[in-house]
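Use these hints to put chain A onto chain X, whose structure you have.
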Amino acid sequence: MYYYIYDNYLVEKKYQPVISKIESRLTDLGINGKIIRMSVFKNLSKSLNEDIAKGIKTIVVVGNDQTLNQSINLIDNLNLPIGLIPIGPNNNIASIMGIPEGEAACNILSSRNILPIKLGIINKKYLFISYLEMMSDGVYINCDDNYYINIENRKDIITISNIYYGEYEDKLPIKNNTNYLNLIIKNQIKGLFKAKKESFSHFKAKKIHINGDKSIPILIMDEKRIIKTPIKIEIAKQTINLIVGKNRKI
Amino acid sequence: MFKETTGSTHETDTIIGPSVKVEGDFVTEGNVIVEGTICGTIKTVKNLKVGPTSKIFANIWADNALIAGEIQGNITIANKLELTPTAKIFGDIKTSNISIASGASLNGKCQMAESKNKAVRPEFSKQKKIELKSQTTERE
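For the protein sequence lines, the chains are X and A, in the order given.
According to our numbering, the first sequence is numbered sequentially starting from 1085.
According to our numbering, the second sequence is numbered sequentially starting from 60.
With a cut-off of at most 20 Å between alpha-carbon atoms, the simulated PhoX-like pairs for lysine-lysine come out as follows:
no., chain 1, residue 1, chain 2, residue 2
1, A, K105, X, K1259
2, X, K1298, X, K1308
3, X, K1281, A, K80
Here are some chain A residues pointing at chain X (derived, C-beta under 10 Å):
no., residue
4, I92
5, E94
6, T96
It is worth saying that the hints were derived from the structure and are not from the lab.
All figures in this text were calculated on a predicted structure; none of them were measured in a lab.
The C-beta atom is built at its ideal place from N, Cα and C for all residues, glycine as well.
The following block holds chain X by itself, in its conformation from the complex (with noise of 0.2 Å):
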């Protein structure tokens, strides 16, 4: 039985035509299921839970890739093998494992290519899959309990990725490889008159701890949470199956 998870952003009227198509399409291929709608108000684990309990086999996400995120924290048995149904703006997940936007994505799910990936974990409690953002503003690293990096900088990027996309991409040697975490620090230096200057630093590592003197505001995939220091990422036991498209990047 396939169990779809759809994004709240999907209510609105603009994305109904697609919408459509995309279950009429699942009901041809004989893989559609029930269907949850993700909602502010609600507290969709407990029941999300108790409905795989059930004897669900297959769970699909229907959104962007905050979705695929939101849905991998609230579902307990990640064996279970995931897919997604890109619809909309911010699917850089979607592109990577070469998957379509819209109904070309059901053939995809149909195929049932299983990769597995294996996700990051904040302070063994927030997973994430691909990449979280913080300032340097009063924060010291470090990696694999090996070396410290101090930066001089208070206003440089720091991001953490497990699959990365995004403006570096061509500037720096990121491989998406799931089996350790990418640290990048951007450092930008503006002139009055003088054109900006940027300078990257990247490393690898697998476990990554973030001390402080305070909370650290950190962007996980453009969704704020306020985390107190210290910060523990590292890559976390738990993989998912995610079906992907044979045009993966990974």
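Using the frame of chain X, we list chain A on its own:
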């Protein structure tokens, strides 16, 4: 080495930028580019490139190295070590192949790995010493 890959950093695994200071044992299996400061040790089984603005207070182990910055510590390179005109080394070097550009400064011992295969000194002690002074006086 690094000369072939300049312009593209895609074969490099670690970059230590100019705004960053690393302290501790930095051990990696990939290529390393250093533009910042390091205190401790650096070990890599591949190539190391040290930029002109970098300062390293560490002992270094690498396969190949191209050094343009300042290093205070001992350097052990398995293959080739290249010192550019801006390089400043305060420590001993062990390598099998070295290239020192004019302007580079090296303050320490340099030991080449092939020194074990050096030529054997012939035993001159058994031969009679030639007294040059006496020979010249006889001619006169």
